[in-house]
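Peer 1: Each chain is listed here by its residues.
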Amino acid sequence: MIHMANQIALFFASYPKDEAVAGVADHLQKFWEPRMRKQITEYVAHGGSGLHEYALEAVKRLH
Amino acid sequence: MALIQQTDYGTPKRNSATLVTLEIDGKPVTVPAGTSVMRAAVEVGVQVPKLCASDNLEPFGSCRLCLIEVEGRKGTPASCTTPAEQGMKVRTQSPKLSKLRMGVMELYASDYPREMFESSASGNTEFQQMVTAVGLRDVRYGYSGKNHQSAEKDESNPYFEFDPAKCIVCSRCVRACEEVQGTFALTIDGRGFASAVSAGDKPFLESECVSCGACVQACPTGSLLEKSVIENGQPDRSVVTTCAYCGVGCSFVAELKGDEVVRMTPDKAGKANHGHSCIKGRFAWGYTTHKDRILKPMIRAKFTDPWREVSWEEAIGHAAGEFKRIQAKYGRDSIGGITSSRCSNEETFLVQKMVRAAFGNNNTDTCARVCHSPTGYGMSTTLGTSAGTQDFDSVEVADVIMIIGANPTDAHPVFASHMKRRLREGARLIIIDPRRIDLVKTPHVQADYHLPLLPGTNVAMINSLAHVVVTEGLVDEPYVKERCDLVAFEQWRKFVAQEKNSPEAMEKFTGVPAADVRAAARLYATGGSGAIYYGLGVTEHSQGSTMVMGMCNLAMATGNIGKNGVGINPLRGQNNVQGSCDMGSFPHEYSGYRHVSGTAVRESFEKEWHVPLQSEPGLRIPNMIDAAVDGTFKGIYIQGEDIVQSDPNTQHISAGLAAMECVVVQDLFLNETASYAHVFLPGSSFLEKDGTFTNAERRISRVRKASDPMAGLADWEATMALSNALGYPMHYNHPSEIMDEIARLTPTFAGVSYEKLDRLGSLQWPCNDKAPEGTPVMHIGGFVRGKGRFMITEFVPTDERVTARFPLILTTGRILSQYNVGAQTRRTPNNTWHDMDVLEIHPSDAEDRGIKEGDLVSLASREGDITLPARISERMQPGVVYTTFHHAMTGANVVTTEFSDWATNCPEYKVTAVQVQLARHMSEWQEQYLETRKQTTRIEKESTAND
Numbered sequence: 022m023i024h025m026a027n028q029i030a031l032f033f034a035s036y037p038k039d040e041a042v043a044g045v046a047d048h049l050q051k052f053w054e055p056r057m058r059k060q061i062t063e064y065v066a067h068g069g070s071g072l073h074e075y076a077l078e079a080v081k082r083l084h
Numbered sequence: 003m004a005l006i007q008q009t010d011y012g013t014p015k016r017n018s019a020t021l022v023t024l025e026i027d028g029k030p031v032t033v034p035a036g037t038s039v040m041r042a043a044v045e046v047g048v049q050v051p052k053l054c055a056s057d058n059l060e061p062f063g064s065c066r067l068c069l070i071e072v073e074g075r076k077g078t079p080a081s082c083t084t085p086a087e088q089g090m091k092v093r094t095q096s097p098k099l100s101k102l103r104m105g106v107m108e109l110y111a112s113d114y115p116r117e118m119f120e121s122s123a124s125g126n127t128e129f130q131q132m133v134t135a136v137g138l139r140d141v142r143y144g145y146s147g148k149n150h151q152s153a154e155k156d157e158s159n160p161y162f163e164f165d166p167a168k169c170i171v172c173s174r175c176v177r178a179c180e181e182v183q184g185t186f187a188l189t190i191d192g193r194g195f196a197s198a199v200s201a202g203d204k205p206f207l208e209s210e211c212v213s214c215g216a217c218v219q220a221c222p223t224g225s226l227l228e229k230s231v232i233e234n235g236q237p238d239r240s241v242v243t244t245c246a247y248c249g250v251g252c253s254f255v256a257e258l259k260g261d262e263v264v265r266m267t268p269d270k271a272g273k274a275n276h277g278h279s280c281i282k283g284r285f286a287w288g289y290t291t292h293k294d295r296i297l298k299p300m301i302r303a304k305f306t307d308p309w310r311e312v313s314w315e316e317a318i319g320h321a322a323g324e325f326k327r328i329q330a331k332y333g334r335d336s337i338g339g340i341t342s343s344r345c346s347n348e349e350t351f352l353v354q355k356m357v358r359a360a361f362g363n364n365n366t367d368t369c370a371r372v373c374h375s376p377t378g379y380g381m382s383t384t385l386g387t388s389a390g391t392q393d394f395d396s397v398e399v400a401d402v403i404m405i406i407g408a409n410p411t412d413a414h415p416v417f418a419s420h421m422k423r424r425l426r427e428g429a430r431l432i433i434i435d436p437r438r439i440d441l442v443k444t445p446h447v448q449a450d451y452h453l454p455l456l457p458g459t460n461v462a463m464i465n466s467l468a469h470v471v472v473t474e475g476l477v478d479e480p481y482v483k484e485r486c487d488l489v490a491f492e493q494w495r496k497f498v499a500q501e502k503n504s505p506e507a508m509e510k511f512t513g514v515p516a517a518d519v520r521a522a523a524r525l526y527a528t529g530g531s532g533a534i535y536y537g538l539g540v541t542e543h544s545q546g547s548t549m550v551m552g553m554c555n556l557a558m559a560t561g562n563i564g565k566n567g568v569g570i571n572p573l574r575g576q577n578n579v580q581g582s583c584d585m586g587s588f589p590h591e592y593s594g595y596r597h598v599s600g601t602a603v604r605e606s607f608e609k610e611w612h613v614p615l616q617s618e619p620g621l622r623i624p625n626m627i628d629a630a631v632d633g634t635f636k637g638i639y640i641q642g643e644d645i646v647q648s649d650p651n652t653q654h655i656s657a658g659l660a661a662m663e664c665v666v667v668q669d670l671f672l673n674e675t676a677s678y679a680h681v682f683l684p685g686s687s688f689l690e691k692d693g694t695f696t697n698a699e700r701r702i703s704r705v706r707k708a709s710d711p712m713a714g715l716a717d718w719e720a721t722m723a724l725s726n727a728l729g730y731p732m733h734y735n736h737p738s739e740i741m742d743e744i745a746r747l748t749p750t751f752a753g754v755s756y757e758k759l760d761r762l763g764s765l766q767w768p769c770n771d772k773a774p775e776g777t778p779v780m781h782i783g784g785f786v787r788g789k790g791r792f793m794i795t796e797f798v799p800t801d802e803r804v805t806a807r808f809p810l811i812l813t814t815g816r817i818l819s820q821y822n823v824g825a826q827t828r829r830t831p832n833n834t835w836h837d838m839d840v841l842e843i844h845p846s847d848a849e850d851r852g853i854k855e856g857d858l859v860s861l862a863s864r865e866g867d868i869t870l871p872a873r874i875s876e877r878m879q880p881g882v883v884y885t886t887f888h889h890a891m892t893g894a895n896v897v898t899t900e901f902s903d904w905a906t907n908c909p910e911y912k913v914t915a916v917q918v919q920l921a922r923h924m925s926e927w928q929e930q931y932l933e934t935r936k937q938t939t940r941i942e943k944e945s946t947a948n949d
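Protein chains in written order, with the numbering used here: chain C, 22 to 84; chain G, 3 to 949.
Rather than coming from a laboratory, the hints here were simulated on the basis of the structure.
Careful, some of the hints might be misleading.
[Unchecked claim] Derived, one-sided and incomplete: chain G residues facing chain C with beta-carbon distance under 8 Å:
| # | residue |
| --- | --- |
| 1 | Asp57 |
| 2 | Ser544 |
| 3 | Thr548 |
| 4 | Thr601 |
| 5 | Ser617 |
| 6 | Pro619 |
| 7 | Asn625 |
| 8 | Ile794 |
| 9 | Glu796 |
| 10 | Val798 |
The structure presented is a predicted model; accordingly, all values stated were derived computationally and were not measured.
Beta carbons: idealized from backbone N, C-alpha and C, even for Gly.
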């Protein structure tokens with residue numbers, strides 16, 4: 022899951038930071054099933070070690 | 003000769019703006035200049051006798067039967083080679099012509115099996131029709147002269163035989179092999195009386211022949227004939243349907259005797275195949291009645307138990323009860339469903355409907371997950387819709403053809419023939435592929451550029467091609483300005499212009515000389531209409547979606563989308579990949595690619611289906627397996643798909659299935675996934691049901707029932723029964739009613755109905771009020787999303803890296819004679835050509851390891867290892883090895899990894915770091931496989947079935 026989130030972040034990383042973080046968050050929201058989002062949200066709540074900076078910020082924006 | 007007699011105009015249609023008017027047997031006719039007199043005659047209902055002519059072949063003028071008289075001219079020219087001219091007055095019947103034709107037929111008949119031409123019951127060939135047409139009753143010369151009647155038959159091909167005794171050396175077979183198929187396997191050897199059809203002085207089976215059947219189709223005398231016709235006799239009825247193999251979606255005429263198929267002949271009216279076929283569709287249909295078919299539903303408590311045959315009612319009731327029990331215990335989201343791209347549109351629509359409406363979640367997916375899901379994401383993001391932009395016929399006006407990560411002659415052979423025809427006419431060719439695929443150099447076709455990149459570097463390649471276009475001033479500026487989002491374009495232009503994206507900088511990743519990349523980019527951008535065709539060599543990568551976007555960027559930048567002859571064309575692997583995606587099989591979207599979170603769309607489905615629906619995306623196939631291993635996903639309904647054999651990391655897939663409490667498999671055979679199943683529902687073959695398939699060009703074609711389902715229920719009926727048992731009522735009397743529902747709910751299908759499909763033959767979506775007869779070419783005048791959106795496509799190397807321990811890269815794929823997991827083709831004589839998977843390895847890599855042709859080798863990755871025979875092949879580049887996944891026993895996916903596309907989770911089948919070594923025995927996995935398979939496929943024959 023960390024690997025997948027980082028892959029997504031690396032795609033959007035070519036864009037300006039705000040746009041990139043929004044892109045990652047939007048992707049997670051649209052394509053990740055709620056239990057997967059819950060897992061990664063909990064992971065981030067425990068520090069989110071190993072997550073790309075943009076992925077980390079994007080996860081914090083998930084609802 | 004086919005049962006359905008479709009009009010044969012004798013020579014091909016000519017396209018000329020200049021029209022000429024002539025008179026044939028007193029009837030005036032106007033035709034385009036260049037049209038033959040023979041064809042013009044057919045236009046006014048006059049059939050000139052012929053044997054060597056056919057309207058899918060250029061005129062040859064050898065049989066001398068189609069002679070005519072032209073007023074004011076001497077002689078009796080052949081009507082097939084005589085162009086119609088303004089004011090010409092032609093006679094096709096006269097005593098002189100009758101005498102000449104009689105004489106010609108008499109000579110042919112003198113060296114033709116007497117019993118064949120004298121008996122009307124012995125076959126219905128064109129030869130016999132001509133005997134009747136000219137009124138031949140006897141041969142003045144007798145039959146004892148020098149002849150070919152004792153020539154030996156060639157029965158080497160499992161599907162057809164060649165009997166030289168019936169051959170009149172008309173060259174139709176040779177020309178069909180050249181002009182229709184483009185293989186050039188046949189020739190006429192010898193001169194005069196010694197002239198004979200030859201497959202290169204070899205038996206057909208050992209020759210270059212690809213068994214497409216074009217020669218058999220062309221033969222007017224029965225010299226080349228299907229063995230199934232010889233064995234079973236002539237068919238007595240026929241049904242027009244659609245092939246259930248690859249994404250070309252060829253139209254076929256199933257010819258039957260009673261309920262038994264005697265042969266499948268390609269439908270001349272088929273708009274995807276225009277009367278051509280390949281070995282699979284034409285001949286490999288025997289699996290439909292193979293003894294391995296399971297015809298009774300079965301259940302068992304544990305997958306290690308023997309199967310117990312039960313009634314449909316008990317099986318359906320058991321499955322529904324288990325699903326309800328699991329949901330009650332583990333929650334609504336603990337079950338899901340998967341369909342295959344081998345299923346029809348109606349079947350896949352029904353399964354996703356059952357998951358969303360009866361299961362109450364969005365855990366629905368389809369096998370396009372593991373092949374073309376990046377196509378959907380990439381094309382939707384850039385262009386606005388998830389489908390190829392062209393029809394197949396578009397290739398006829400392409401000037402530059404770029405093939406990326408596809409091997410059409412093996413995987414899409416009928417379209418490959420279409421493409422080769424255009425290439426022989428002079429279209430230029432660029433091939434981007436790690437392997438030297440056949441199209442790099444094949445008779446009368448040679449690629450201008452073959453860019454043999456290293457697997458995993460597609461994005462580096464597309465960026466460097468784009469770099470050349472942008473930095474050398476090759477952008478179609480007016481096109482971009484008019485049709486594309488300029489902010490996104492400028493972002494992209496700035497990105498690809500960076501030195502890091504230049505061919506020179508990317509060479510260290512791709513391994514392709516920069517000069518070749520630059521030359522190929524210039525050719526694509528400036529060579530006229532440029533068309534990109536691609537396959538799974540694009541999508542099955544960690545950057546599969548990025549690459550699809552990269553190709554769309556390149557096409558938009560050069561103005562190569564939105565007209566005939568150009569476009570981005572995904573070659574879909576299976577028959578209904580496009581359709582299964584269209585039908586809302588993915589967990590995040592409804593039919594027509596609309597996200598489940600969209601309130602208005604969701605409400606339209608809720609209103610139609612009378613049930614509240616979930617607004618969150620569901621699990622994809624790999625997510626389902628992960629969740630099963632984690633213990634939160636406990637039950638699955640799998641229609642027609644074999645994830646154990648086809649999905650990556652077999653061990654992980656098996657572990658996921660083994661962890662579930664109810665696995666329901668619906669299939670023709672006890673496939674590998676069924677080894678982990680608790681309920682087996684017997685499937686129905688494409689010959690046993692009605693429905694539709696949608697091919698790679700968005701063409702929706704009818705699948706028509708030729709006989710009743712052998713197991714009693716068509717697949718859609720079984721799904722309906724399961725849904726009803728789950729408590730969500732479904733009532734359809736016929737699949738046409740399912741299509742009507744699809745049309746009501748899906749704007750791009752709004753104008754589709756069985757009535758229209760039957761009337762027009764097929765339809766390409768979008769088909770609605772704006773395009774009532776469908777849309778052959780998309781994005782004309784503007785993109786579906788509005789402005790075309792360029793996306794930045796940074797190259798990110800895959801995390802699957804070669805090391806000293808795993809120094810080679812494995813890439814996997816298909817071959818011509820087998821299809822996907824082989825469940826169908828392995829149960830046909832196609833095994834004659836490929837009875838096992840082999841590992842293709844470059845001579846230098848083989849020599850380094852002491853490997854010789856045919857040696858058993860171990861193929862090991864970080865995930866697992868298998869053994870298989872080696873084939874030394876210069877098609878491979880050093881450092882890259884290749885195998886297929888057609889045979890379950892091989893276990894190719896034991897080796898592949900779970901790395902996947904960032905956007906869609908499409909597995910990275912095309913890049914696995916491996917080591918290859920000599921081996922003495924099968925791998926541990928293979929030994930265990932045999933044991934497991936033996937245990938899990940036992941069937942208790944003490945049936946309790948009451949149906």
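Peer 1: Are the hints correct? Go through all of them and say.
Peer 2: A quick look at each hint next to the structure:
The beta carbon of G:Asp57 comes no nearer than 50 Å to any beta carbon in chain C, farther than 8 Å, and the hint placing it at the interface is violated. Given hint, G:Ser544 at the interface with chain C, holds; its Cβ is 7 Å from that chain's nearest Cβ, closer than 8 Å. Below 8 Å, beta-carbon pairs count as interface contacts, and G:Thr548 has one with chain C at about 6 Å; its hint therefore holds. A least Cβ separation of about 15 Å between G:Thr601 and chain C goes past the 8 Å threshold, and the interface hint is therefore violated.
Residue-level restraint check for G:Ser617 is violated (minimum Cβ-Cβ distance to chain C is 10 Å; threshold 8 Å). A distance limit of 8 Å between C-beta atoms decides the matter here; for G:Pro619 the minimum to chain C is near 6 Å, and the interface restraint holds. The beta carbon of G:Asn625 is positioned within 8 Å of a beta carbon in chain C (closest approach about 6 Å), and the interface hint is therefore held. Below 8 Å, beta-carbon pairs count as interface contacts, and G:Ile794 has one with chain C at about 4 Å; its hint therefore holds.
With a least beta-carbon distance of about 5 Å to chain C, the hint placing G:Glu796 at the interface is held under the 8 Å criterion. The criterion of a C-beta within 8 Å of any C-beta in chain C is met by G:Val798, whose closest approach is roughly 5 Å, and the hint holds.
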